[in-house]
Structures are given as structure tokens and as C-alpha cells.
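Number of protein chains: 10
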Amino acid sequence: MLFLARMDVVFPESMTDETKADYQHREKAYSGELQRTGVLKGIWRVVGEYANYSIYDVEDNDELQTVLSGFPMFAYMNVKVTPLAKHPNATTDDFFDGNTIQE
Amino acid sequence: MLFLARMDVVFPESMTDETKADYQHREKAYSGELQRTGVLKGIWRVVGEYANYSIYDVEDNDELQTVLSGFPMFAYMNVKVTPLAKHPNATTDDFFDGNTIQE
Amino acid sequence: MLFLARMDVVFPESMTDETKADYQHREKAYSGELQRTGVLKGIWRVVGEYANYSIYDVEDNDELQTVLSGFPMFAYMNVKVTPLAKHPNATTDDFFDGNTIQE
Amino acid sequence: MLFLARMDVVFPESMTDETKADYQHREKAYSGELQRTGVLKGIWRVVGEYANYSIYDVEDNDELQTVLSGFPMFAYMNVKVTPLAKHPNATTDDFFDGNTIQE
Amino acid sequence: MLFLARMDVVFPESMTDETKADYQHREKAYSGELQRTGVLKGIWRVVGEYANYSIYDVEDNDELQTVLSGFPMFAYMNVKVTPLAKHPNATTDDFFDGNTIQE
Amino acid sequence: MLFLARMDVVFPESMTDETKADYQHREKAYSGELQRTGVLKGIWRVVGEYANYSIYDVEDNDELQTVLSGFPMFAYMNVKVTPLAKHPNATTDDFFDGNTIQE
Amino acid sequence: MLFLARMDVVFPESMTDETKADYQHREKAYSGELQRTGVLKGIWRVVGEYANYSIYDVEDNDELQTVLSGFPMFAYMNVKVTPLAKHPNATTDDFFDGNTIQE
Amino acid sequence: MLFLARMDVVFPESMTDETKADYQHREKAYSGELQRTGVLKGIWRVVGEYANYSIYDVEDNDELQTVLSGFPMFAYMNVKVTPLAKHPNATTDDFFDGNTIQE
Amino acid sequence: MLFLARMDVVFPESMTDETKADYQHREKAYSGELQRTGVLKGIWRVVGEYANYSIYDVEDNDELQTVLSGFPMFAYMNVKVTPLAKHPNATTDDFFDGNTIQE
Amino acid sequence: MLFLARMDVVFPESMTDETKADYQHREKAYSGELQRTGVLKGIWRVVGEYANYSIYDVEDNDELQTVLSGFPMFAYMNVKVTPLAKHPNATTDDFFDGNTIQE
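Residue numbers (the UniProt record's numbering), protein chains in the order written: chain D, 1 to 103; chain U, 1 to 103; chain S, 1 to 103; chain A, 1 to 103; chain E, 1 to 103; chain X, 1 to 103; chain C, 1 to 103; chain P, 1 to 103; chain Z, 1 to 103; chain B, 1 to 103.
Wrong hints could be hidden among the right ones.
[Unchecked claim] In silico lysine-lysine, DSS-like type, Cα no more than 25 angstroms apart, as pairs: (1) E:80 to E:28; (2) S:20 to A:86; (3) B:20 to B:80; (4) E:20 to E:80; (5) P:20 to X:80; (6) E:80 to A:80; (7) U:80 to B:80; (8) P:80 to P:28; (9) X:20 to E:86; (10) S:80 to S:28; (11) C:86 to P:80; (12) E:20 to S:20; (13) P:80 to P:20; (14) D:20 to D:80; (15) U:80 to B:86; (16) P:20 to C:86; (17) X:20 to A:20; (18) C:28 to C:80; (19) P:28 to C:86; (20) B:28 to B:80; (21) X:80 to X:28; (22) A:86 to S:80; (23) C:80 to X:80; (24) U:20 to S:80; (25) P:80 to Z:80; (26) C:28 to P:86; (27) S:86 to D:80; (28) P:80 to Z:86; (29) A:80 to A:28; (30) P:80 to B:80; (31) B:80 to Z:86; (32) U:80 to U:20; (33) X:80 to X:20; (34) E:20 to C:80; (35) E:80 to S:80; (36) A:80 to A:20; (37) Z:28 to B:86; (38) U:86 to B:80; (39) S:28 to A:86.
These aren't lab readings, by the way, just hints derived from the structure by calculation.
This is chain D alone, in the form it adopts within the complex (with noise of 0.2 angstroms):
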């Protein structure tokens, strides 16, 4: 069950570089693993803003939940959900999977 989430990300005034880039290298390794495991299908960032657009694959909402406030900087971000369903003009139960191109 896929939702798309979009993250913007508004670090405290009075946060250091040293602390930023320390929250930087957790959050990467945080959306790594949850790419490794298929979780987070797609991130990608939003052009000329700290923010991204990411879809993520979960059982349910409370795993939803447990996987975005897990992020590292989850409490410096603003994150808004959309749920997604299938679209009928689909011709792919699964866009990820490297399949969606038949010809």
C-alpha cells in the first residue's frame, strides 16, 4: 500500500553546522535502510527547496507512522500524506519493480 509523502525540512535558527551535518549523516543512513528493505520506494528532491517527494510501500498506517517519525530529523520536518490507490489507467500493479516497460 503506497502513500506519497512530502517533507520539508526548517532546522532551528540556532542549530549548528556541526549538528546539522551530524542529523544529515543519520538521516541518510535512515532512508538507506529503508530503501534496502523496500520501504521507501522513491525519494527524490524538490528543486530549489530543502524538501523531497518520497513513496513509501507499508502494511498499514501505524507502520506509516512508526517509519516517518523514526526519521532522524522527523521533528525538524514538516510532512504532509497523501494515501495512494491503484489509478485505473495503470498497467502495472507495481511501478517499481522495473516491469512497467513492455515493448
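Chains U, S, A, E, X, C, P, Z and B: place on chain D using the hints.
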């Protein structure tokens, strides 16, 4: 180069169900063709709304404009486009090729 | 898995009172059936507006989309869906089973 | 008489983790007490946000104001209240008593 | 128990002046009756807009919904309701009884 | 001449509880004086928010500006003012004189 | 006493050019009369929009409501009114009397 | 050439009353000079807000930018500029010269 | 003197394709003439929307109003105008003269 | 391929004037370099605001992200990017080459 689009469909009050069905039929064919040619990487229904989020892979803005304005229902859509860039935490250059999960 | 929905109904100017009444009649039957089968956990009128807040218990996003798009008046509704998770301060896993008050 | 509330929590930058934890501890106790006395009929986490939707059963607006302003974290919350009335399609007067599903 | 409502009237383009006048006539009668029975404590025109702010004194949300939906022009109104509670700085329990000014 | 105001209070993070209490004490005195002199016709708490709706009876805009900017907490308020006129459906010229209910 | 108004005109789709021209003709006469009597102190086109900003000098809110609702095109206008007071940095009580520039 | 500006002032929490007073003193001098030289045609307080509407007469956009950015408190202002053109219903080319009222 | 405009086109539901094509034909001629005379410095399609961003070089606001209201489709456009001034980091007074790139 | 960006600068309250000046100095150098290399086709001040509209010519979204995030003041900017395509009414493929005016 990827773009995220949110498309909201608003049919005019006077449109007959038959005309709507015809639009939807042609829309499905057009959308399917875009998927088969690798331009439309994914499309999902926004739950509860006559809307979708979709991701396009195009050469440039002019191609994207051609692709979007080619939708049979384009005149009845509100479309918002977000340019996407590679995210520093992404573990792959292509989330749609089926090779993302490495374990 | 629970979702909160806010539904706002906007009938077109040209719809006759008779047609509206027919829609409302079928809507009531559909809504009642969803309540009897435990999908629609609660529905309340937003005071002063032709709108409701309602809570759905479904297996996944696809089922929710099926349930919502099945409303007879769906084409005349603006629906906004919010995924709900268990709250850390909740004293029960199910607020609708009548066992919440423990004293 | 029911009211839906959406509560968004925003802690100030200067608050220590220890103070936050203390607030959350007292909040949980207060919330639990409201649930046990039947004032707080349900509370759910908005997925991805430090926010909840909650439903209150009170005698009047003054009681609701007393209940809401009594939350230990009230000074750090943005609260939006929506008065709820019986919906014409509701099959029960009380969705929380466990008797909704009749089949 | 008091509620503040803001009501904005939007008549459809196709409504004749005669029909509008008939609605306004019935609206005035209904509004007058609510004032005489003490339900509608005050009503004022928002300068420059086809809108009013009005204050209602009702027993509960269901009564308010009945009162508001009873307006002859209800189908052409956008209504936003705000629940009001006693203000800690209020010098009286009832601002409408003519006894507020004490000097 | 009446004006409706909505006032939202936002205290800065650094303000001590003692200072807040002092402001609130002076605010109460100022508000009470305005009520006694008939300038402030009514004031109500917006349920769940550190905000009020209040109605002022003044000679002109300059007097209203003087009254509003005289609030001890004015620097910490967001104030939105709406000019009110007599409503064509009003059954009285003064809803606050205690003579509205005629039956 | 001055008020700033922003007026946006929206004619219905079905109105003929002849009817529009008739409205505009009567509007011009009404507007001119307001200028000659000193009620309408100034009126300017918002560049690129079918809208104006205008400044009114009236005795009270009721007079302003009468003036605004008297515009022939009032039913097709969205009007937002802002009450204006004397600014502490103003060097004159009347910016429209031609005596502002003192050097 | 005229422009309408709305200016909202937001002082930072840490600014002392003395510094504020100094800014306001310099602001008054600057504003007065603009009025005397005929650049600032009018300025009014928005009732209830730390904001003004003001009208500027300049040669071009660059001059307006110079004028606005020259305000001592410019760094603490949110400014929104609206270009104004002659209105077809205006009975004069200059509403500020004292010759508008012709009767 | 430059202005940025964003123009969104909304044709009424009842307009025939033939009429639309006629408008677009006349629009193209008018736009081309503005480009040839150096008034319209640039115009670009907003990808995915029936909208453009365009930059105008005019003597004053009145000329801009004349230019914009002269568009054949002006009655079907929502136009938002932003006055532009020279940027302190600009390396040229005219970005459109082909001499910007100096290396 | 062109993109329009609107950039709003918000410096934190604690930043010294010296630091601001240093940022602005480095910003000017970076911006000038982008102009010399033909990436930044134009940049203009939004009159009255600490903001600009600027147009970028890049190969793809990733390059744009690199360019924008390279601004020294990027962490203090809110940036909104709009992808631009060729407009059907454009008389040239390049409005910046100095050859637009053909008469």
C-alpha cells in the same frame, strides 16, 4: 529528468455521461501509451478525489508540455508540476528499474 | 486501519429537487450498509454546512477508494482523506467497541 | 454533544527534551483521565504530523473550553474545533457504544 | 450556549429577481421569529458584502443545525460556525440583557 | 457604530509566566473599563484558542484605533476588524439593550 | 471617516455585451456622483484586473453600506472593506484637499 | 504614476522599546519628507493592525524601490505593492489636488 | 520599466471550439505585434497549465493597463502583475539586448 | 531549458549586519558568474520586497538544483521554481539574444 504532476479533473456540469466515458476511454489509451514508451513512470489515484499523482521522465520542459497537453482530458484538468532532482540520500539513479532493493 | 474523511457536497445549479432527493435516498441506503458492515465507524454533520466528517475502517487504500467512490453522490463531493494511526495516549485499540470507559 | 478537534503541537526551540518528556507524561495522564470519564471519545494520531484528531462529548461550549485549556501542553497547541451534529444517515445515536454493527 | 456564524449568500446566476425577493421575504420572517424567541441574539450586515455575522443561543449542536438549516436561503449560503465560551474578562454572563453597563 | 474584532494572542517564547500574568491582569482591568463605559458591547472566548471575538461601539475609526491600540497586550495580538452595519432583517436597532425579545 | 475598498467585478457568463455596457454606463454615472459629493475620494484601476481600489469618506458604517450597495453592479462585485484611521506619521488630516505639499 | 502599498511591521522579539522608539522617530521624519516632496500622497493606519496603506507617486519602478527600501524600518516590514492606473470612472486625473469636488 | 505578469486563461464552458480558435488566432497576432514593437520582452508557457509568464516594458502603469486590456482574450484571463526593479546583482541594465554574456 | 524562480530572502534575527553584508557580497559574485556563463538569463528585484524573480537556462533539473543550492544565501531563501516551455505565440526561440525586435 523527472517531474511530479498532480492532476485534478473537473468536468463541466453539462457534459453527458456518454461524453465522459468517451474521454476516459481515450485517456486510458493515451496514458497506457505513455507508460509503454517509458514517459509516464507511474500514476496513482489520490484516494477520495478525482485526481492523480504521476511521474514523468522527459528530455526537457517542452517535451513535458507536449506530453501533458496531449492528454485528451487536458482542457478539464488542473495540473501542477514539480521538478524533481536526485536526492542526496537516494541509493539509486533510477527507482523504477526494479533494482532498488539490494538485499 | 482508520481514515478520517471530510466530505463537502456541492450539487450543480441545474439539478432538480427530485433528483437531489433521489440521490439522498440512495446515499442513505449506501451509508447505512457501510455502517452495518463496520466499514463506516461514524458519521457526523458539520454544523451549518452541507458536509460531514466520517471515519472509515478498511484493509488498505484501494478498499477506501472503492468505498468512497461508491457513494452515489461521489461526483458531487469534495473529499479530503486523513490517515489516522494509534495515538500514544489512547487507552484502547478500538474507540468504537463500547469498552472505552473503564470506571 | 460532540466536537471534533484537530490539535497541532509546536514546542518552542528552547525547550529541553527533559521538559518535553515531562509535558508528554502529564499530557498522557490528563488524556487518559478524559477517556476514562467519557469526555474524550476518541483520539488518533495524524500520520506524519505532531497532531491529533480527537472527539469530545461535553455539555456545552464552556465545558469544552475548560477541557481543552486543561491540557498540560495547551499553550503549545494550535486547536481548531468543529461542532458536530447528528447526521441524517447515521444509524445510531452513539457510534462509540459498541452497538453500531447490527448484523 | 452561544455560537458565532458568518453567512455568505451566493445566489445562482439563473435565479430571477422575483425568486430572490421571495426568498428574502421568507428569510426575513424566519430571522424575525428566531429573534423574537431569543435564539438569534444579534445579526449584522458585513459592510460591502452579501454576508452577515450572527450570534445564536441554543441548547446544543443539534438545535443549532436545525436552526441554521431551517433558513429558507440555507442552500445558497456558505456558513462558518465558531463555538463561543465565556471570556475570563467578561463582566457579565449575558451581554444581551441590557444590564452590561453598570455605571 | 459597531465593529466585530477577532483578536489572537501570541506571546513570545521568552516571556515569563509572571509577565504574562501581569499583562493578563492589566488586560482584564482595561477590558472591564471598556465594558462599563459601553464601548465593548460583548467579548467571548473562541473555544480552544487563545483568541476572542469582541464587538465595539465607537464614534469612528480613529476612536476604534485608539481603543484597540490601548489594550495592554496589543503588541502581542493579531487583530482583524470587520465593520458592521444594520441588517435588513434585524428587528431592533440595538441587540444589547435587553429589549430584543418582545414576546 | 475613511475606508479603503477593493472591488472585483465578475460578470456572469450569460450576460450580453449590451447589458454589460448598460451596467458600466450607469456605474460611471453613480461613481461620478459619489465623487462630486465628496463621498468617493479616489478610485484607481488595479493594473491588469477588472478591479479597483477606492477610498470612501462617510459618516458611519451604515452610510458606507448604503453607498456600496447602491452601485449598479454591486451584485456582480466582490468587495473587501478596510477601515482606515489617521496615521501617526501623517502630516495632514486630509490628503485630498490639495494642501499636502507644504514646500 | 501611482502605486498602492500595504506595509505590515513586525519587530523582532529581542528589540528593546528604546530601539523601537528610535526607529519610529526616524520613520516619522522619513515619511514626512516623502509627503512634503509629493512622493507619498497619502498614508493611513489599518485599524487594529501595525500596518498602513499608502499611495506613492513616482517616475518608475526603480524610484519606488529606492523610496520603499529607504524606510528606516524597511527590514522589519512586509510590503505588498499594487500598480494603479487611471480608472475609467474617475472624474479627475489627480484625486489629491483638492479640486475633485466640483459642486 | 519592466513588469512581470502571470496570465491564466479560463474559457467559459459554453464557448465553442471555433470561437476559442478565433480568440487564439487574434491573440497570437496581438502578442506578435507587442513583441515586434518591443513592449512584450518575453512570453513563456507555464508547463502543464493554460497560463503564461510574460515581461512587459512600458512607460508607466497606464500604458501597461492599455496593453493588457487590449489582449483579445483579456475578459477570460486572470492577470497578476508584479513591478520589477533593477536588481543590485544584475550585471546589465537590459537582459534582453543579447549582450549579457560577456565572456 | 528555462525555469522561472522567485526567491524570498529571510535572514535570522540574530545575524549581524556584518555577516549579512558578507553574504550579500558573496551572493553578488556568485550571481554575476552565473550571468557571465549564461545560466542566469535575467534577475529583477520584486519592488518593495527582499525578493527576486530570476530566469535560469540549464540542461536539466539536477543542474538547476546544483545552481540554486550553490547560492551563498540559499539556506536563507524560500525558492519557488516554475518550469517554462515555449509559448505558441512567441516569435523567437530566445528572447535574450537581442534579436527579438524585428522592425
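The hints, checked one at a time:
Between the alpha carbons of residue 80 of chain E and residue 28 of chain E the distance comes to roughly 20 angstroms, so the proposed pair stays at or under 25 angstroms and holds. The hinted pair formed by residue 20 of chain S and residue 86 of chain A meets the criterion: a straight-line CA distance of about 20 angstroms does not exceed 25 angstroms. Simply put, residue 20 of chain B and residue 80 of chain B have alpha-carbon atoms about 22 angstroms apart, close enough for the 25 angstroms limit, and the pair holds. With a CA separation close to 22 angstroms, the supplied pair residue 20 of chain E and residue 80 of chain E stays within the 25 angstroms bound.
The suggested pairing of residue 20 of chain P with residue 80 of chain X holds, with an alpha-carbon distance near 23 angstroms, which does not exceed 25 angstroms. Distance check on the hinted pair: residue 80 of chain E and residue 80 of chain A sit about 13 angstroms apart at the alpha-carbon level, within 25 angstroms; holds. For the proposed pair residue 80 of chain U and residue 80 of chain B, the alpha carbon gap of about 13 angstroms is at most 25 angstroms, so the pair holds. For the given pair, residue 80 of chain P sits about 20 angstroms from residue 28 of chain P by alpha-carbon distance, which is consistent with the 25 angstroms threshold.
Note on residue 20 of chain X and residue 86 of chain E: the hinted pairing holds, with a Cα-Cα distance of about 20 angstroms set against a maximum of 25 angstroms. Under the criterion of a C-alpha separation no larger than 25 angstroms, the hint pairing residue 80 of chain S with residue 28 of chain S is consistent with the structure, at around 20 angstroms. About 20 angstroms separates the Cα atoms of residue 86 of chain C and residue 80 of chain P, which keeps this hinted pair within 25 angstroms; it holds. Note on residue 20 of chain E and residue 20 of chain S: the hinted pairing holds, with a Cα-Cα distance of about 21 angstroms set against a maximum of 25 angstroms.
For the given pair, residue 80 of chain P sits about 22 angstroms from residue 20 of chain P by alpha-carbon distance, which is consistent with the 25 angstroms threshold. Pair hint residue 20 of chain D plus residue 80 of chain D holds up; C-alpha atoms about 22 angstroms apart against a cutoff of 25 angstroms. The straight-line distance between the Cα atoms of residue 80 of chain U and residue 86 of chain B is roughly 17 angstroms, inside the 25 angstroms bound, and the hint therefore holds. As the CA atoms of residue 20 of chain P and residue 86 of chain C are separated by approximately 20 angstroms, the hinted pair is consistent with the 25 angstroms bound.
Proximity of residue 20 of chain X to residue 20 of chain A is assessed by CA-CA distance (about 21 angstroms); at most 25 angstroms being required, the pair is judged to hold. About 20 angstroms separates the Cα atoms of residue 28 of chain C and residue 80 of chain C, which keeps this hinted pair within 25 angstroms; it holds. For the hint pairing residue 28 of chain P with residue 86 of chain C, the CA-to-CA distance comes to about 14 angstroms; that is within 25 angstroms, so the pair holds. Simply put, residue 28 of chain B and residue 80 of chain B have alpha-carbon atoms about 20 angstroms apart, close enough for the 25 angstroms limit, and the pair holds.
Of the supplied pair hints, the one linking residue 80 of chain X and residue 28 of chain X holds, its CA atoms being roughly 20 angstroms apart against a limit of 25 angstroms. Of the pairs offered as hints, the one joining residue 86 of chain A and residue 80 of chain S holds, with about 20 angstroms between alpha carbons and a cut-off of 25 angstroms not exceeded. For the hint pairing residue 80 of chain C with residue 80 of chain X, the CA-to-CA distance comes to about 13 angstroms; that is within 25 angstroms, so the pair holds. A hinted pair counts as satisfied when its Cα atoms are at most 25 angstroms apart, and residue 20 of chain U with residue 80 of chain S qualifies at roughly 23 angstroms.
Taking the CA atoms of residue 80 of chain P and residue 80 of chain Z, the gap is about 13 angstroms. The hint holds against a cut of 25 angstroms. Between residue 28 of chain C and residue 86 of chain P the alpha-carbon distance is near 14 angstroms, which keeps this suggested pair within the 25 angstroms criterion. Of the pairs offered as hints, the one joining residue 86 of chain S and residue 80 of chain D holds, with about 17 angstroms between alpha carbons and a cut-off of 25 angstroms not exceeded. For the given pair, residue 80 of chain P sits about 17 angstroms from residue 86 of chain Z by alpha-carbon distance, which is consistent with the 25 angstroms threshold.
Under the criterion of a C-alpha separation no larger than 25 angstroms, the hint pairing residue 80 of chain A with residue 28 of chain A is consistent with the structure, at around 20 angstroms. For the suggested pair residue 80 of chain P and residue 80 of chain B, the alpha carbons sit about 18 angstroms apart, so the restraint of at most 25 angstroms is met. Between residue 80 of chain B and residue 86 of chain Z the CA atoms are separated by roughly 20 angstroms; this keeps the pair inside 25 angstroms, and the hint holds. Distance restraint check for residue 80 of chain U and residue 20 of chain U: the Cα-Cα separation of roughly 22 angstroms lies within the 25 angstroms cut-off, and the hinted pair is therefore satisfied.
The straight-line distance between the Cα atoms of residue 80 of chain X and residue 20 of chain X is roughly 22 angstroms, inside the 25 angstroms bound, and the hint therefore holds. A hinted pair counts as satisfied when its Cα atoms are at most 25 angstroms apart, and residue 20 of chain E with residue 80 of chain C qualifies at roughly 23 angstroms. Taking the CA atoms of residue 80 of chain E and residue 80 of chain S, the gap is about 18 angstroms. The hint holds against a cut of 25 angstroms. A C-alpha spacing of about 22 angstroms is found between residue 80 of chain A and residue 20 of chain A, which places the hinted pair at or below 25 angstroms, so the restraint holds.
Only pairs whose Cα atoms come within 25 angstroms are accepted, and residue 28 of chain Z paired with residue 86 of chain B is accepted, the gap being roughly 14 angstroms. Taking the CA atoms of residue 86 of chain U and residue 80 of chain B, the gap is near 17 angstroms; set against the 25 angstroms cutoff, the hint holds. Of the pairs offered as hints, the one joining residue 28 of chain S and residue 86 of chain A holds, with about 14 angstroms between alpha carbons and a cut-off of 25 angstroms not exceeded.
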